[in-house]
Every structure is written in structure tokens, then in C-alpha cells.
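Q: On the provided structure of chain A, position chain B as indicated by the hints.
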Amino acid sequence: MNTSLDIIIHGVSHECAEASASAIVSEIKKLQMVIDRYNSEAETYRINRDAQHGTTAVSPLLTKYILQGMDYFRQTEGYFNIFGGEIYASLKHNNNPSPKIVGPRFRHPEEIIEINHNEGRLRFLQKGVSLDFGGIGKGIALDMAAEILNQMEIPHAFISFGGSSILTRGRHPHGPYWPFSFQDNTLDAEVWKLNNDAISVSAAHSGRAQKLHIWNYQQSQPIRQNIMACVQAECAADAEVLSTSLIAAPLDRHQHLTQQFHIKQWKVFKQKINR
Amino acid sequence: MSKQYQSRREFLKKLAITGSVATLAASPWIKAFSDNTPIGKNPSDKVRLAVIGTGSRGKQLMRYLFRIANANNIEICALCDVYQPHLDKAINMCQKENIKVKSYNNYQDLITKEKPDGVIIATPLHQHAHITIDCLKHGIHVFCEKAMARTLDDTKAMYDAHKETGKILQIGHQRLFNPVYLEGMKRIHNGELGTIGQIRAYWHRNNNWRRKVPDNTVEMERFINWRLYKEYSAGLLTELLSHQIQVANWALQKTPVSVMGTGSIVFWKDGREVEDNVALIYTYDNGVQFIYDSMISNKKYGLEEQVMGHKGTIEFEVNRYYTETPPPAPGILQLLNDIESGFFEKVNIGGASWIPETAVKYQGEPIIEDTDFYDSALQLEGFAQYIRKGKAPEKMIIEGYNASIWTLLAEIAIDTGKKVALPEKYRI
Numbered sequence: 001m002n003t004s005l006d007i008i009i010h011g012v013s014h015e016c017a018e019a020s021a022s023a024i025v026s027e028i029k030k031l032q033m034v035i036d037r038y039n040s041e042a043e044t045y046r047i048n049r050d051a052q053h054g055t056t057a058v059s060p061l062l063t064k065y066i067l068q069g070m071d072y073f074r075q076t077e078g079y080f081n082i083f084g085g086e087i088y089a090s091l092k093h094n095n096n097p098s099p100k101i102v103g104p105r106f107r108h109p110e111e112i113i114e115i116n117h118n119e120g121r122l123r124f125l126q127k128g129v130s131l132d133f134g135g136i137g138k139g140i141a142l143d144m145a146a147e148i149l150n151q152m153e154i155p156h157a158f159i160s161f162g163g164s165s166i167l168t169r170g171r172h173p174h175g176p177y178w179p180f181s182f183q184d185n186t187l188d189a190e191v192w193k194l195n196n197d198a199i200s201v202s203a204a205h206s207g208r209a210q211k212l213h214i215w216n217y218q219q220s221q222p223i224r225q226n227i228m229a230c231v232q233a234e235c236a237a238d239a240e241v242l243s244t245s246l247i248a249a250p251l252d253r254h255q256h257l258t259q260q261f262h263i264k265q266w267k268v269f270k271q272k273i274n275r
Numbered sequence: 001m002s003k004q005y006q007s008r009r010e011f012l013k014k015l016a017i018t019g020s021v022a023t024l025a026a027s028p029w030i031k032a033f034s035d036n037t038p039i040g041k042n043p044s045d046k047v048r049l050a051v052i053g054t055g056s057r058g059k060q061l062m063r064y065l066f067r068i069a070n071a072n073n074i075e076i077c078a079l080c081d082v083y084q085p086h087l088d089k090a091i092n093m094c095q096k097e098n099i100k101v102k103s104y105n106n107y108q109d110l111i112t113k114e115k116p117d118g119v120i121i122a123t124p125l126h127q128h129a130h131i132t133i134d135c136l137k138h139g140i141h142v143f144c145e146k147a148m149a150r151t152l153d154d155t156k157a158m159y160d161a162h163k164e165t166g167k168i169l170q171i172g173h174q175r176l177f178n179p180v181y182l183e184g185m186k187r188i189h190n191g192e193l194g195t196i197g198q199i200r201a202y203w204h205r206n207n208n209w210r211r212k213v214p215d216n217t218v219e220m221e222r223f224i225n226w227r228l229y230k231e232y233s234a235g236l237l238t239e240l241l242s243h244q245i246q247v248a249n250w251a252l253q254k255t256p257v258s259v260m261g262t263g264s265i266v267f268w269k270d271g272r273e274v275e276d277n278v279a280l281i282y283t284y285d286n287g288v289q290f291i292y293d294s295m296i297s298n299k300k301y302g303l304e305e306q307v308m309g310h311k312g313t314i315e316f317e318v319n320r321y322y323t324e325t326p327p328p329a330p331g332i333l334q335l336l337n338d339i340e341s342g343f344f345e346k347v348n349i350g351g352a353s354w355i356p357e358t359a360v361k362y363q364g365e366p367i368i369e370d371t372d373f374y375d376s377a378l379q380l381e382g383f384a385q386y387i388r389k390g391k392a393p394e395k396m397i398i399e400g401y402n403a404s405i406w407t408l409l410a411e412i413a414i415d416t417g418k419k420v421a422l423p424e425k426y427r428i
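Protein chains in written order, with UniProt numbering: chain A, 1 to 275; chain B, 1 to 428.
Derived by calculation from the structure, the hints in this document are not laboratory data. There's no promise every hint is true.
[As the list claims (entries may be wrong)] No more than 35 Å apart at the CA atoms, straight line, and that leaves these computed lysine-lysine pairs for DSBU-like:
{"id": "1", "chain 1": "A", "residue 1": "K264", "chain 2": "B", "residue 2": "K89"}
{"id": "2", "chain 1": "B", "residue 1": "K346", "chain 2": "A", "residue 2": "K30"}
{"id": "3", "chain 1": "B", "residue 1": "K346", "chain 2": "A", "residue 2": "K193"}
{"id": "4", "chain 1": "B", "residue 1": "K254", "chain 2": "B", "residue 2": "K230"}
{"id": "5", "chain 1": "B", "residue 1": "K46", "chain 2": "B", "residue 2": "K59"}
{"id": "6", "chain 1": "B", "residue 1": "K418", "chain 2": "B", "residue 2": "K311"}
{"id": "7", "chain 1": "B", "residue 1": "K254", "chain 2": "B", "residue 2": "K31"}
{"id": "8", "chain 1": "A", "residue 1": "K270", "chain 2": "B", "residue 2": "K346"}
{"id": "9", "chain 1": "B", "residue 1": "K346", "chain 2": "A", "residue 2": "K29"}
{"id": "10", "chain 1": "A", "residue 1": "K30", "chain 2": "B", "residue 2": "K311"}
{"id": "11", "chain 1": "B", "residue 1": "K311", "chain 2": "A", "residue 2": "K29"}
{"id": "12", "chain 1": "B", "residue 1": "K389", "chain 2": "B", "residue 2": "K59"}
{"id": "13", "chain 1": "A", "residue 1": "K267", "chain 2": "B", "residue 2": "K346"}
Bound-form chain A, shown alone (with noise of 0.2 Å):
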């Protein structure tokens, strides 16, 4: 996930928590193997490099990832999509990516990707599309994380992919929940009590240069303004899509797109701009 991981786990002896901090690293470990775009022995690297020449072999996993990718594309009117990897490619490089990168064009991911389920191909139906779970896999991860600490029983943990993307268990050895803030000072009164829940934070801007890395489909630009969002829900996955989807959308359809996830709470701040 090109972040750093910290687990903290307590209520269980240190074995016992080894034990689980090493099944969590080993999965998400065989994970990044499988949606990494960047690594060349990754499965969607070779997906991305192939599906667009022919039909190409497809692993379950990953086809439950896209068939999960396509299902967010809808839920969220197409603010967040899986399919425009070479965009934000580009974006690394250029917070004004040539014109001449506009991503897949369409309404339905079944316009652009293929999917034989039952002999495990695919195919990409256009030109410039390229899969990128950038925007799911923490989420993805932190998922198969609470699984495991639900596996080995484990009551209180905390788990954070770099501080946007945290997953928390029962409570703070010291107090009811986890008390959750933000690094911004600015937000400084925000406290969100976390037990069972996941938090997810996306930003416009990312990183120390403050590139700008999410883009909006339907003006075929990356978003600029300053906001941050933040989702708390029981689901990780859901919570990344979201807080995507907020800053891609138009604040006028925040409302809308929030009521089609179960969520607890989710809130659009501005963003503080370090330069």
C-alpha cells in the first residue's frame, strides 16, 4: 500500500498479538500482490498490460475486486471509479495532465470490461482503460484485517494505513472508545468515537508536493479545491469509496450519495494547505 501499517492491539497476550499482527501483514502482503498496478509481478499490472490486446486470465480474487469496483462505480453515480488508472498515473507526474488523457468514456463499467466468470477471463473494451484500486485497497486490507482479528478473537485493536485509513476494535485500554482526531489544528475539536468502526480520510490534495489525485469524470479534471473528507462506517471499503466520492462529487449531491451507504457519520472539511 506504499504507506506505513501500525498495528496496536491489547486485551490479549503479546504472543497472541504477534500472532495476529503477523497473519494481518502476511494477508495484506499477498493482496498487494494481487491489486498493486505498479508492480510488474502484481496481477493487475499484467491484467492492465494484456486486457487491452485480448481476453486474459483473471484470478477469483481479483474478479471480486472489479465486480466489487464496478457495484461502487454505480453506487456512487460514477464519482468513484476503478477503470481510469492511466489518469491517475498521470497525475502523479502533472497536476495538469495533457488533454489528451480523459480516461475511459462511459455510463456502465459493462461498456468498457469483459468478464467470462466461468473459464476466468476478461478483456478491457477500450482504449485507456487501466485498473487502479489506489482509491479501495486500504480499505480492502483493513477489511481482511478485521476478519482476521475477529478469527483470533481478538477484543481491542487499532490499526492505521498512514492516518487515512484506520480501523479500530473495541476500546482505548484506558477509556470507553477510541478517540479519533485530525492532524490539521484547524479541526482541532472534532472528536469522533471510534469502537467497532472504520474511518476512512481523503484530501484533494495528497502528500508533500500536494498533488492533486482525484479527478472528476463527468469534467474530465482533477479536483482542486481544498476540502478533506471523512467517513466513519463498519466497513472499510465503504468508508474509502465514500470519502472519495464526497470530494469528486459536487457539494450538491453529497447528501444523496451518503444515504446509499450505512454509515455513522461522514463530514466535508477545508483543507489545510501546507506549503
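A: Chain B in isolation, oriented as in the chain A frame:
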């Protein structure tokens, strides 16, 4: 010396910050060095030192002596060199510092006429043994540059002379006085790096290692470029490895059980006899290896000693410590601190990172913050301090002895192509 020289006083302050008790326990020469008894200014407290060997290293040591002489009540009373141009330059240096010195071409004349408290020997390697032994037998304390001697027998003879006379024999392993190494060794010995699996070290340069010869006679070539000829030097081994095997032994608090290696002349085929590249593997009784290489036709990697444990790594030359588990993000650190302190406070962790970001490469952390020390000067301050006390901790000479012995055993390993162990007669 562009940096501001920091003396023993600043050094001791630094040690206080970096955990003096454990450091001093593991490094008895520092414990003796750190005795803060004020140094008297009257003539009876003066330490009279002579320098034997005034080539490049000898002159460098003299520069350090100039810096520390006043604060440590040191008098540079005499200089000696068989090569007059070197001696003249050294005399000139003293004159510029308004220091009156006697000069000699014969060290025996110097020690009988001057009777210094101590001598600093910076001659070519093959001259170390007999000068050291003569000085010790005349009741003079000796600081001798590393490596100790050209042969195993000479090395042992120097050690034996020290034991017989009871006079100080300090070998110029300046890292023993370097605050970075002292703090790093403290962490290693306290177990902070976990179980040490390997130590790697290397020293790479890209030059021919030659000095200009005033005429083209064979005699002067061998006299000036003594480092290149096996009669006088083991080349990279005695000049460079000797420092780094000392670091490995110090880190492991052991000496090796065997060494094997290879070496050859690959690039500088100019008539020299010593190898221009070497590779060695030392093994210790617990299975740990010290892996070493040195070359003088590429300098990209410079020099380093890397101590690798299952919990962390130390790179001494660049003053870096790396944990195997990099520290968590600031918000997580706050949460951990709160948990440990029994606090229930909000965790300021939320921030955005949606697309894969370039992984932040973990850069480690400095072992100590302020490295403005000249360890070569500190070791000379130590020498003066030990002379004033009349003795030096035995552990220090043992470090020097073992480093020199295992340096010379590496030469045998290369020459024979065999795995070499320590002959019992050289065990101390």
C-alpha cells in the same frame, strides 16, 4: 582542521548526555580518561612528549598536540626522524607555534638524552617494534600508531615488553575515543541491536597510494613508498583493516576463531607488492561473521562498519542507527505514549493519503547529534592523562594487540589460501 576542536571537557559533557555509566563500564580506558582531576600547571605536572617519525601521520599528530598542549600541560620536547626533509618540516611547524624542540636523527639518542615521559611513534610499520621496545625498556611510555608491528612475533614482543616494564603502551585506535563509537558500542552491548548476526566493513579509495619520490632510486622508492612493499607493510590490511577489525572485536567483545580471504593486484600494476584489493571473512566462536573488503581503485562506497543485529543496525562512519522496526507515525507515537502513561486523550492522526504515495524511505537516526570531535586528538589527551596517572587500563592494549594480530593472520590467510586460526603462542 576546519571544525572547532572539542576537547576532553566537551567530550565528557557529551558522555554525560549519552549515558555515561554504561559507556564507562564497557570502556575502561574512557573511565580512566574521564577522571576530572584538574591538571596542574606547574612544571612537575608537565607531561613531556617526543614524536618519533615526522612523516604525514606524525605531523598530523603534532597538529593535534599543538591544540591540546596548553590545556593538558603537555610539552613537545623533541622530534626524531631519519629523513631530514620530514624532520625539517616538523621543526618548522614547531617554530611557527613558538615551540622550542630538540631534533634527532636517531631515536636512541633522543630517549637517552631527553628522557621524555612519553613518545609518540609514527614511523613506518616495520620500525614500530624495536623503537617501542627500546622506549619501554628505558622507562618511557609509548603511544604507537596502528598496526602494532610488521610480524606476529614483533607484535607479541611489544606486548611482552609492556607487561615486563609496566609502562603504558597505547596503540592508535582512535575510534576507542570517538563519542559516536562509544555511544554505539553502549547500545550494542546493552542489547539494543538484538543478536548480532554479521558485521560488515569496507574501506574503498581510488588513488595509487603513492608518495612522490625525490629521486628515482630504488632505495628511495622503497623508503618513501614503504606501504607498497611487503617487507615493510601488509598494505590495505595493516593500514586500513586494522582499524576495522578492532571495531568488530570491540562490538562483539570477542576475538575471531578463524579468518580466510583472498587478495590480488587488479588495477595498480606498478611494481608494488601489496594487494590493491582484498576480501576476508572472520568467524567468531558464536558463528558471527565479520565480512571485510578493501580496494583502492573505486571510492563510491567509501568506508563503513555495519553492525547488524536482529533488532537494528549501526553504521558508525555515518553516525546512523536504524531500528528493524521503524518508529510509528507521530499520531501513533502519541497514542502509544498515552497508553503507556495511562492517559485517555484524542489521537491526532487523521490525514489524507489516498493514492499510493512514494514510500518514505527510513533514514535511521543519528547515534549522537554533535560529532565535532577529533578522536585522534582525544586519544592523545588520553595518553597524557594516563602518563600522569602512571598507567592505562589494560583492556586498551588488549584491543590494539588483538586487532594487530588478527590483521596479520589475515595476511597469512590470503597468502596461503587457507583458513587460519590463532597460534596458541600469540594468545594473551
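Q: With reference to the structure, classify each hint as holding or not holding.
A: Each hint tested on the structure:
1. K264/A x K89/B: violated, 83 Å
2. K346/B x K30/A: Roughly 33 Å separates the two Cα atoms, so the pair holds.
3. K346/B x K193/A: Holds, at roughly 9 Å.
4. K254/B x K230/B: Holds: K254/B and K230/B sit about 29 Å apart, inside 35 Å.
5. K46/B x K59/B: holds, 22 Å
6. K418/B x K311/B: holds, 34 Å
7. K254/B x K31/B: Given that 35 Å is the threshold and the Cα spacing comes to 20 Å, the pair holds.
8. K270/A x K346/B: Holds: K270/A and K346/B sit about 21 Å apart, inside 35 Å.
9. K346/B x K29/A: Distance ~30 Å between K346/B and K29/A Cα, so the pair holds.
10. K30/A x K311/B: OK: K30/A and K311/B at ~25 Å, within 35 Å.
11. K311/B x K29/A: holds, 22 Å
12. K389/B x K59/B: Distance ~26 Å between K389/B and K59/B Cα, so the pair holds.
13. K267/A x K346/B: holds, 18 Å
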